[in-house]
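Please build the complex by placing chain B on the supplied structure of chain A, with the hints as guidance.
Next come the chains, spelled out residue by residue.
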Amino acid sequence: MSEVDQLTIIVEQLLAGRFICEFSDNTSYEYLSKDAYRQGVDSFLQRIGRRLKTTDDKSTYYCAYASIHANERRADVRRQFRETINTLEPLCRWLKLVMSALQRDASLQPGDVVRHGELLSVLEVSPALIDDLSIIVRSGLFATKRDAAKDQLNHVINGLVEQGYLVRHSPTSSVYTATGKWGYLYEVLEFVHTHETIADESSVEASTEQRDLSL
Amino acid sequence: MNSTNAGIKVLRALAKHAEIITLAYESGNNQIPERMDTTKAIEELIRLRLAIRDESHGGVVRLNSTVKNLMDYSLKTIRLKMVNVDIGEAVDGILFLAEAYNKAKNAGANADSAKYLNDLDSNVVELCDSLTDQARDIWRQIDSDFGSVSLLSGKIALNKNALNKVQRILKSLELIDLETMHKLSSRDSEMRKLLHVRLPDAIDSCRRDLSDAIHRLNRMMFKLNQLAARARMVSQMVDHYALNPSFEPEDYTQRLDIPGICHVAYPIPVMGMVDISNQNMEIEFSDIIGGLRNEPPPDERQEFTRITTSLDEQVTEQLQWGEIQEAIREVFLACLSDGRTISGIDSFLLAPKDTDLMLWLYALITTFNAMSEAEQALFTLDYPGEFDPVFTANYHARDVILCPA
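Residue numbers (our numbering), protein chains in the order written: chain A, 1 to 215; chain B, 1 to 405.
In isolation and in its complexed conformation, chain A is listed as follows (with noise of 0.2 Å):
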């Protein structure tokens, strides 16, 4: 593929809102890693008003607005943000449940094989995350009307590699690996955590408990 070819597609996919890493495109990751290539996508994307952006560990690559004065850019911006924090409940939801169901103690990070099968049999016989699950289709970003948790299971993958948090590994595979998407969402949620002053719910609720108990 020509050099113009590859610029052309990482442009493209930048303009229609794709996360570039090496887990969801290594070609276009490995072209933009180097110095060169990576200014002449940022030069071309200056010259439309927007810019390269990488999240803060630099694995992951995104289109961002260079300047945000003119007020059409502002409502832009609005409607993107809304979009994200939108789906920050449904993929917070997710994370808890893939780390409960597979007993880590880490939430799934870019790079992380998720397996449709692994889930679904642990899914099968808890009825508690069955329950998770079935708060995450309610409404919102992966909102179904299905019953079946193994519906709602593939209802909810596929919306997570519609949005771009997974890329499948073959077009037959259930397998997956989750993207550097995740990377600028754990941005947004530590943004979100500083600046609403989120507090330790559970430890609220036990201190509650404890002084309860000791009155």
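It should be emphasised that the hints constitute simulated quantities derived from the structure, not laboratory data.
All C-beta atoms, glycine included, are put in the ideal place defined by N, C-alpha and C.
You can take every hint at face value.
In silico DSS-like pairs for lysine-lysine, Cα to Cα no more than 27 Å straight-line:
id, chain 1, residue 1, chain 2, residue 2
1, B, K16, B, K40
2, B, K223, A, K96
3, B, K223, A, K58
Label pairs and their computed distance ranges (CB to CB):
id, chain 1, residue 1, chain 2, residue 2, range
4, A, T197, B, N225, 14 to 24 Å
5, B, L292, A, E187, 38 to 48 Å
6, A, T197, B, T4, 47 to 57 Å
7, A, K34, B, D204, 36 to 46 Å
8, A, K34, B, Q167, 33 to 43 Å
9, B, T4, A, I9, 45 to 55 Å
10, A, E30, B, S246, 42 to 52 Å
11, A, E187, B, T180, 48 to 58 Å
12, B, T39, A, E187, 51 to 61 Å
13, A, E30, B, N161, 31 to 41 Å
Non-contacting residues of chain B with respect to chain A, defined by C-beta distances greater than 10 Å in every case (computed):
id, residue
14, R62
15, E89
16, R136
17, D137
18, K171
19, S172
20, H182
21, E317
22, L336
23, L349
24, L350
25, A351
26, K353
27, F379
Below, chain B without anything else, positioned relative to chain A:
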């Protein structure tokens, strides 16, 4: 290979090369002479870490201290063994031996001084090996990413433990009094080799390895702490949403100075048309087709009458010429037989009753056009007339003239 097989392999190698190992042990300096017949054995012993190539000592091959200790223990060898897990104690032992060697040498007790020097050599080598092994152990843990445990909390605990261990060893290295060793060994070339060169080199190498290890462990710890913080944050957010169902973060885009995290560009649809020859779109196309099939077909009762497909009897039907066709045929025949030009309008007299003139003329033209090439070669059709003065692409024919070719 599992650990049982690996263990058996090591013990078999010890048995296989028992003679070489024992000779090296009994030589006093633990060195294995390199000859044609020992090359393969040496390679295997080095690979299994039963022997090491001592680059700081001219590249000679010698037994690993662990093997030597095993032999000491099994043969109940009496040796002034000073090396301890505690580096400080080991160094004290080395200083003691160095002083004892100097005293024996000065007193002219050659047998004693040789014995002390031999023990000093062994202890220095063991301390160097011990330092190298400890650094290697740390790096082995790092390289496996503390693979023995899967839980994040376990990895963090192991990382902390490794960091503490590294710092402890580094502190111990700082306590080694190289200056005193230099003084003690300055007058003896054998001791200088050990205490001026070999031990300081081993200490430097160990310090370098451990400094790199600290750097790597700190990075790993940062990453592990970040993972733990993320997991905690996710749990706290879920709890927060559960307790405050109407929770909605502030709209940070309303601020005068919009935070950088909100600068993500709104997607632009960049593709306007479907490229049906693009193989990468195959899945999407398949989905679309699959989706179409999900629509149930309308429930229409299809009523039909069976028809027979058997061909019992073939009846040849003779098509009859129509009146106009017959008349047109007569005109063409007359043209051919008389060899004269016939006007379409003039020949209209032959047309059947109630036939329109235009229909007659068109019948002439279409009959000519329907002829085979051989038949058409006998006639020509001419259309006298003129072009429209305004719409010059239009041609107004006044008549259709049939001429013999």
